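Trainee: One-letter residues, chain by chain:
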Amino acid sequence: MAEQRAPSFQVKVGPVENPVILEVHPAPGDIKPWDLDSRLTQVTGRHPRLEGAQKVTGRAQYTYDVRLPGMLWAKMVRAPIPAGKIVRIDTSKAERLAGVKAVWTTDAKQVRFAGQDIAAVAAVSQEIAEDAARLVEVQYEPGPFVTSLEEAMAPNAPLVFGEGQAPAPPNAPRNGNVTGPVVPPQLGTVRGGSRGDIEKGFAEANTIHEATYRLAVHTHAVLETHGVVAHWEGDQLTVYASTQGVFQVRAGLAEALGLARRQVRVITEHMGGGFGSKLYPSAVGSAFAIVACRLAKKAGAPVKFMLDRHEEQLCTGNAPGALMAVRLGATADGTLTAIHFRSYTEGGIGQSARTGGPAGNIYPQCPNVKLEEYEVATNAGPTCALRAPGHPQGAFGFECAMDELAHRLRMDPLEFRRKNDSHPFRRFYYDVGAKAIGWERRNTVPGNPPGVKKRGIGVANGNWYVLVREAVAAEVRVHRDGSVELFHGTQDIGTGIRTALAVIAAEELGLRPADITVHVGDTRFPPGPTSGGSVTTNSSGPAARLAAHEARMRIAALAGPLLKANPEELEFADGHILVAAEPARKVLFREAAQKMPGEVIGCLADRKRQFETVRQDLAATQFAEVEVDVETGVVRVLKMVGVNNCGIPINSLTAENQLIGAQIQGASWALFEHRTLDRNVGTMVNPNLEAYKLLGPADMFEAVAIFTEGANAGNNTSATGMAEPVFVPTLAAIANAVFNATGVRLRQLPMTPDRVLAALAEAGKGGKA
Amino acid sequence: MPKRPPENPPSSFQVSRRTFLKTVGVGAAATGLVAQGARPAETAILGPDAVPFTLRVNGVRQTVTVEPRVTLLRALRNHLGLTGAKEVCERGACGGCTVLFDGEPICACLMLAVDAVGHEIMTVEGLGTPEKLSPVQAAFVECDAFQCGFCTPGFVVASTALLNKNPTPNLEEIKAGLTGNLCRCGTYSRIFEAVRTAAERKG
Chain A
1 MAEQRAPSFQ
11 VKVGPVENPV
21 ILEVHPAPGD
31 IKPWDLDSRL
41 TQVTGRHPRL
51 EGAQKVTGRA
61 QYTYDVRLPG
71 MLWAKMVRAP
81 IPAGKIVRID
91 TSKAERLAGV
101 KAVWTTDAKQ
111 VRFAGQDIAA
121 VAAVSQEIAE
131 DAARLVEVQY
141 EPGPFVTSLE
151 EAMAPNAPLV
161 FGEGQAPAPP
171 NAPRNGNVTG
181 PVVPPQLGTV
191 RGGSRGDIEK
201 GFAEANTIHE
211 ATYRLAVHTH
221 AVLETHGVVA
231 HWEGDQLTVY
241 ASTQGVFQVR
251 AGLAEALGLA
261 RRQVRVITEH
271 MGGGFGSKLY
281 PSAVGSAFAI
291 VACRLAKKAG
301 APVKFMLDRH
311 EEQLCTGNAP
321 GALMAVRLGA
331 TADGTLTAIH
341 FRSYTEGGIG
351 QSARTGGPAG
361 NIYPQCPNVK
371 LEEYEVATNA
381 GPTCALRAPG
391 HPQGAFGFEC
401 AMDELAHRLR
411 MDPLEFRRKN
421 DSHPFRRFYY
431 DVGAKAIGWE
441 RRNTVPGNPP
451 GVKKRGIGVA
461 NGNWYVLVRE
471 AVAAEVRVHR
481 DGSVELFHGT
491 QDIGTGIRTA
501 LAVIAAEELG
511 LRPADITVHV
521 GDTRFPPGPT
531 SGGSVTTNSS
541 GPAARLAAHE
551 ARMRIAALAG
561 PLLKANPEEL
571 EFADGHILVA
581 AEPARKVLFR
591 EAAQKMPGEV
601 IGCLADRKRQ
611 FETVRQDLAA
621 TQFAEVEVDV
631 ETGVVRVLKM
641 VGVNNCGIPI
651 NSLTAENQLI
661 GAQIQGASWA
671 LFEHRTLDRN
681 VGTMVNPNLE
691 AYKLLGPADM
701 FEAVAIFTEG
711 ANAGNNTSAT
721 GMAEPVFVPT
731 LAAIANAVFN
741 ATGVRLRQLP
751 MTPDRVLAAL
761 AEAGKGGKA
Chain B
1 MPKRPPENPP
11 SSFQVSRRTF
21 LKTVGVGAAA
31 TGLVAQGARP
41 AETAILGPDA
51 VPFTLRVNGV
61 RQTVTVEPRV
71 TLLRALRNHL
81 GLTGAKEVCE
91 RGACGGCTVL
101 FDGEPICACL
111 MLAVDAVGHE
121 IMTVEGLGTP
131 EKLSPVQAAF
141 VECDAFQCGF
151 CTPGFVVAST
161 ALLNKNPTPN
171 LEEIKAGLTG
181 NLCRCGTYSR
191 IFEAVRTAAE
201 RKG
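The listed protein sequences derive, respectively, from chains A and B.
1 is the number of the first residue of the first sequence in the numbering used here; add one for each residue after it.
1 is the number of the first residue of the second sequence in the numbering used here; add one for each residue after it.
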C-alpha cells in the first residue's frame with residue numbers, strides 16, 4: 001500500500017566532479033532515487049538489446065511485415081500539383097478493375113501541396129492496388145503557388161492560405177505568408193528566452209558580429225515508411241501502426257471514426273524509425289490511417305496501408321529549413337552582452353518548430369536577449385517535429401555566430417564558450433571533449449594549413465529540456481515459477497526501451513535483464529508515453545521501477561519466513577534473496593515465488609510526479625574534425641566527439657548508440673541532405689533515397705560518444721532523456737570545423753562541393769565561382 | 001557491393017526459363033503464353049496473369065503463384081512469408097532488401113521473381129535463427145549494431161557476403177563492402193565493429 005505521507009530524501013547528485021547533496025521531495029508512494037552513492041549492478045551497464053536476436057534474423061515483426069488472412073492492400077492517389085482546386089475525382093475505372101474492393105475520395109476542395117491525399121483504393125494485391133490508383137482520374141484547376149522561403153516572403157507572393165486558414169497561432173501577426181513573431185512554447189522549467197534590453201547590451205559591447213545563416217529542409221527519411229494494418233472484428237478495431245505513440249494513434253482514430261477508445265486497440269511490436277514524424281494518428285500531411293480504417297470497414301477485410309518511399313518523402317513531415325539573422329555582442333574579455341536572434345522557418349503548409357531555443361537557453365547568464373521567430377508558409381509538404389524540433393537549425397545559426405564572434409575577439413572558441421557557460425554539467429564537458437578530439441591540433445589561424453586537403457577542428461554546444469509524461473504506469477507480474485513479465489504501453493522506436501525497462505526491473509529484483517520479459521507497444525497495457533522529445537526513459541523508467549519495487553516487497557514477504565528474517569533485512573542479488581547481514585543465508589528468487597498463494601503476483605504502479613533536480617535543461621557539446629578538399633570542394637568528416645550527460649544512464653551500450661546516431665544524422669544534414677523542390681512546377685525533385693542523399697558507410701567517420709558521470713534526480717531513476725540534445729550541436733560543430741580548416745565561413749547548409757568552391761572563390765582562397 | 005542483380009542474366013537464363021515452363025503445370029502456364037511474331041518461336045512471354053513457379057529459397061524448394069511482374073522481394077515477403085528483407089527505397093538505393101543470389105548480394109527489389117528460378121536464394125532468415133545465430137548475427141547483437149533494426153536484415157546479409165569473400169577485411173574494405181546499404185538511425189560504426197568482431201571469431 002502506498003504511504004500517504006510525502007517522503008523526503010537526501011541524495012547525492014550532479015556531476016561526479018562536483019556533486020551536491022540535495023533534499024528532494026517526491027510524491028507519496030515514491031521511493032528513494034538512485035544517486036551517486038547507489039550500488040548498482042545492472043543499471044549503467046552495457047546490455048545488448050533483448051529483442052536483438054529477433055531483429056538480426058529478420059523475425060522481428062514490423063507493421064510493414066504484418067500479414068492477416070484476406071488482407072487487402074491500399075494505395076493513395078496524391079495531388080501532382082502544388083496548388084489549385086479539385087474539380088472532379090472519377091474512381092469508376094479503378095472500381096471496375098478486378099480485385100479492387102473499396103475506394104475512398106477526399107472531401108477537400110483545395111490543393112495546397114504536391115502530395116496531398118486525393119483518393120485511395122484497396123485491392124487484393126499490392127500490384128493491383130497500384131494499377132487501380134493509376135486508373136483514378138482527377139481534374140484540377142491549377143492555382144498560383146510558391147515553393148521557396150525567399151519567394152514566399154516577397155510582398156506580392158501568392159498566398160498559401162486564405163484568411164483564417166493558416167495553422168499558425170491565431171494571435172500572431174500575419175503578413176502575407178509570414179506569421180509572427182510567434183510566442184515560443186514553454187518547454188519544461190527552463191531559464192532563457194527574451195530578456196533584458198538588447199540595445200543596452202550592444203552599446204556595452206566592444207565587438208559585434210552579425211550574419212545570416214540558411215539551411216535546407218531535412219526530411220526524416222525513416223526507413224520503415226508510415227503505415228498501418230487496420231482490422232475490424234465487429235465494432236472492435238485493431239490497428240497495427242508504425243508509430244511513436246500507440247495511445248496517440250488510438251485517440252486520433254477513435255475521434256476520427258466516432259468510436260469509444262475501448263473499441264480501438266493499437267499495436268506496435270517493432271517500429272522502423274520515426275524521429276518525430278510518427279507522432280500523429282496518420283502523418284502530418286496525410287490521413288492514410290483513417291482512410292485505411294474506412295476502406296477496411298467498407299471492404300469487410302483487413303487493409304494494409306503502407307506509404308511508398310515517394311509518398312514518405314512528400315507528406316509525412318520534415319524539419320523546416322530556416323533563414324536566421326543573428327547579431328551578437330561581447331566585451332573585449334569575451335563576456336556576451338547581447339543576443340539578437342531573428343529567424344524565418346520554412347514549414348510548408350505546417351506549423352514550424354521554433355529555432356530560438358539554443359540562442360535563448362544555452363548561455364542563460366547573458367542578460368540581454370531578443371528572440372524573434374517567424375513562420376513562412378509555402379506550397380510544400382508540412383513540417384513536423386524532428387528530433388529536438390527547431391534546435392539543430394537554431395544551434396547552427398547561433399553557435400556558428402558564436403564561433404565567428406570568438407574569431408573577431410581573437411579568442412579560442414572553446415574558451416569563449418567556457419567563459420559564458422554556467423551549466424553544472426557542461427562546464428566539465430569542455431576538457432573531456434577537447435582531450436578526445438585533440439583540440440590543441442586545431443589551426444590557431446583558421447585556413448592556414450598548406451596543401452589541397454585542409455583539416456580543421458570545431459566545437460559547438462546544444463541544449464534540450466527535461467520533459468516528462470507523468471500520467472503513465474507499468475505492471476510487473478511475477479509468476480509462481482519465478483518468471484517475470486513487465487507490461488507498459490510505450491513503444492520501442494529503436495531506442496531500446498524494452499531493454500531499459502528490463503534493466504530497471506532486474507536491478508530491483510536482483511535478476512538479470514534477460515530474466516524480465518518486457519511487453520510494450522499495445523494499448524491494452526498500462527499507459528505509456530508517446531516517444532518524442534526525449535521523454536520515454538525518464539517517464540517510463542520510474543513507473544517500471546516502482547512496479548518492480550512493489551513486486552520485490554511482495555516477494556520479500558514470502559522469502560522472510562523461509563529465511564527466518566524480517567523482509568526489511570533482505571537483499572535481492574544474483575537471482576537470490578539473502579539476509580543482508582549474513583549473505584550465506586539465502587533462497588533462490590524462484591523458491592520464494594513458489595510460496596505465493598495464487599498463480600501470479602501483479603503489481604501495477606503509477607509514475608509519481610517529477611520533483612526538483614539539479615538542473616532542468618540538458619546540455620550537449622560536440623567537436624568535429626573535417627578535411628576539406630579545396631580543389632573539389634568535398635568536405636569529409638573525419639571524427640566527431642560528443643560529450644553529454646543523461647544523469648544515470650540506464651543502459652550505456654544503447655545510450656552511446658543514440659549519441660553516435662545523432663552525429664551521423666547531423667553530419668548527413670550538414671553535408672548532403674537537401675529537399676529540392678522544382679520552383680517551376682512545385683513538385684519535389686528528389687523524393688527517393690538516391691537523389692535525397694543520406695550519409696552512407698563510405699562517408700563514415702570515427703564517432704566517439706562520451707557520457708560524463710553524474711546523476712540528475714528528478715525521478716527515482718535519476719535518469720534524464722538524451723536523444724534530442726545530442727542532435728542539436730552537430731551541424732554547427734561541422735560548419736565551425738570547416739571554417740577552421742579553410743578560413744572561409746559557409747553560412748549555408750548543406751555544405752555541398754559547389755557551395756564550398758563558391759565560398760572559397762569568393763574569399764579568394766581557391767575554388768571556382 | 002555490387003547490390004544490383006547481374007546486368008546480363010546468366011546465360012542459361014532463356015533455356016532455363018523454357019525448361020521451367022515445360023516442367024511447371026502446363027495448364028496454368030499456358031494461359032500466360034502468348035506467341036509474339038517477331039520473336040523466336042521458343043521465347044515465352046509470361047503473364048499478365050499469375051503463373052506458378054518454383055524458387056529455391058534458403059535451401060528449400062517452394063512454389064509461388066504470382067504475376068510475372070512481381071519482384072523477387074515481393075514474392076518472398078507477400079507470398080512466401082519471408083518478411084526479413086525490407087522494401088525501403090524500392091529502387092536499389094538502400095540495400096534494405098539485400099538477399100544472396102547464388103551467393104552474391106543483390107537488391108531483391110530490382111529482380112523479378114521469375115528471373116530467380118533456377119538460382120539459390122538465401123535470405124536473412126536462412127542465415128540463422130534466434131536460437132542459433134550466425135557469427136555475423138551474434139556480433140550484431142553483441143555490438144548493438146542497430147537501433148530500430150529495419151535496415152539490419154540487409155546489413156546482416158551484406159556483411160555475410162563480404163566476409164564470405166574476404167574473411168579478414170580492414171575498415172576501408174568493410175566500408176566498401178557495405179556501401180550499398182543505408183541506416184537512418186546512424187549505427188554504421190557499430191556495424192563495422194560487428195563485422196570485425198565476426199571476422200575475428202571466424203578467423
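For the record, the hints were derived by calculation from the structure and aren't laboratory data.
If you're wondering where the values come from, they're calculated on a predicted model, not measured in any experiment.
Yeah, the Cβ is synthetic: ideal placement off N, Cα and C, and Gly gets one too.
Errors might be hidden in some of the hints.
To be verified - Here are some chain B residues the structure puts well away from chain A; computed CB gaps all over 12 Å:
{"hint": "1", "residue": "Gln62"}
{"hint": "2", "residue": "Thr63"}
{"hint": "3", "residue": "Glu67"}
{"hint": "4", "residue": "Arg74"}
{"hint": "5", "residue": "Gly96"}
{"hint": "6", "residue": "Asp115"}
{"hint": "7", "residue": "Val117"}
{"hint": "8", "residue": "Val136"}
{"hint": "9", "residue": "Thr168"}
{"hint": "10", "residue": "Thr187"}
{"hint": "11", "residue": "Glu200"}
Said to hold, decoys possible - Chain A is faced by these chain B residues, among others (derived, beta-carbon under 10 Å):
{"hint": "12", "residue": "Pro52"}
{"hint": "13", "residue": "Thr54"}
{"hint": "14", "residue": "Gly118"}
{"hint": "15", "residue": "Cys143"}
{"hint": "16", "residue": "Gly149"}
{"hint": "17", "residue": "Cys183"}
{"hint": "18", "residue": "Arg184"}
{"hint": "19", "residue": "Ile191"}
To be verified - Straight-line distance between alpha carbons at most 35 Å, and here's what the computed DSBU-like set of lysine-lysine pairs gives:
{"hint": "20", "chain 1": "A", "residue 1": "Lys639", "chain 2": "B", "residue 2": "Lys165"}
{"hint": "21", "chain 1": "A", "residue 1": "Lys453", "chain 2": "B", "residue 2": "Lys202"}
{"hint": "22", "chain 1": "A", "residue 1": "Lys419", "chain 2": "A", "residue 2": "Lys200"}
Trainee: When the nearest CB of chain A is found for B:Ile191, is that gap smaller than 10 Å?
Mentor: holds, 8 Å
Trainee: Taking the closest pair, is the beta carbon of B:Glu200 still more than 12 Å from chain A?
Mentor: holds, 17 Å
Trainee: Would the pair A:Lys453 and B:Lys202 pass a check requiring their Cα atoms to be no farther apart than 35 Å?
Mentor: violated, 38 Å
Trainee: Does A:Lys419 pair with A:Lys200 here, judged by a C-alpha cut-off of 35 Å?
Mentor: Satisfied, since the Cα-Cα distance of roughly 21 Å is no more than 35 Å.
Trainee: Taking the closest pair, is the beta carbon of B:Thr168 still more than 12 Å from chain A?
Mentor: The assertion about B:Thr168 holds, with a minimum of 18 Å to chain A.
Trainee: Against chain A, does B:Asp115 keep a CB gap of more than 12 Å to every residue?
Mentor: About 16 Å separates B:Asp115 from the closest Cβ of chain A, which puts it past 12 Å; holds.
Trainee: Between A:Lys639 and B:Lys165, does the CA-CA distance stay at or below 35 Å?
Mentor: Holds, because 29 Å separates the two Cα atoms, which is no more than 35 Å.
Trainee: For the restraint on B:Gly118, tell me whether the closest CB of chain A is nearer than 10 Å.
Mentor: At 23 Å from the nearest chain A Cβ, B:Gly118 fails the 10 Å test, so the hint is violated.
Trainee: Examine each Cβ of chain A, and state whether all of them lie more than 12 Å from the Cβ of B:Arg74.
Mentor: violated, 6 Å
Trainee: Checking hints one by one. Is B:Gly149 an interface residue toward chain A, by the C-beta closer than 10 Å rule?
Mentor: holds, 4 Å
Trainee: Could you let me know if the closest chain A CB is still more than 12 Å away from the CB of B:Thr187?
Mentor: violated, 6 Å
Trainee: Over 12 Å to the closest beta carbon of chain A is the bar; see if B:Gly96 clears it.
Mentor: B:Gly96 is in fact no farther than 12 Å from some Cβ atom of chain A, at 6 Å.
Of the hints listed earlier, those the structure fails to meet are numbers 3, 4, 5, 8, 10, 12, 13, 14 and 21, in rising order.
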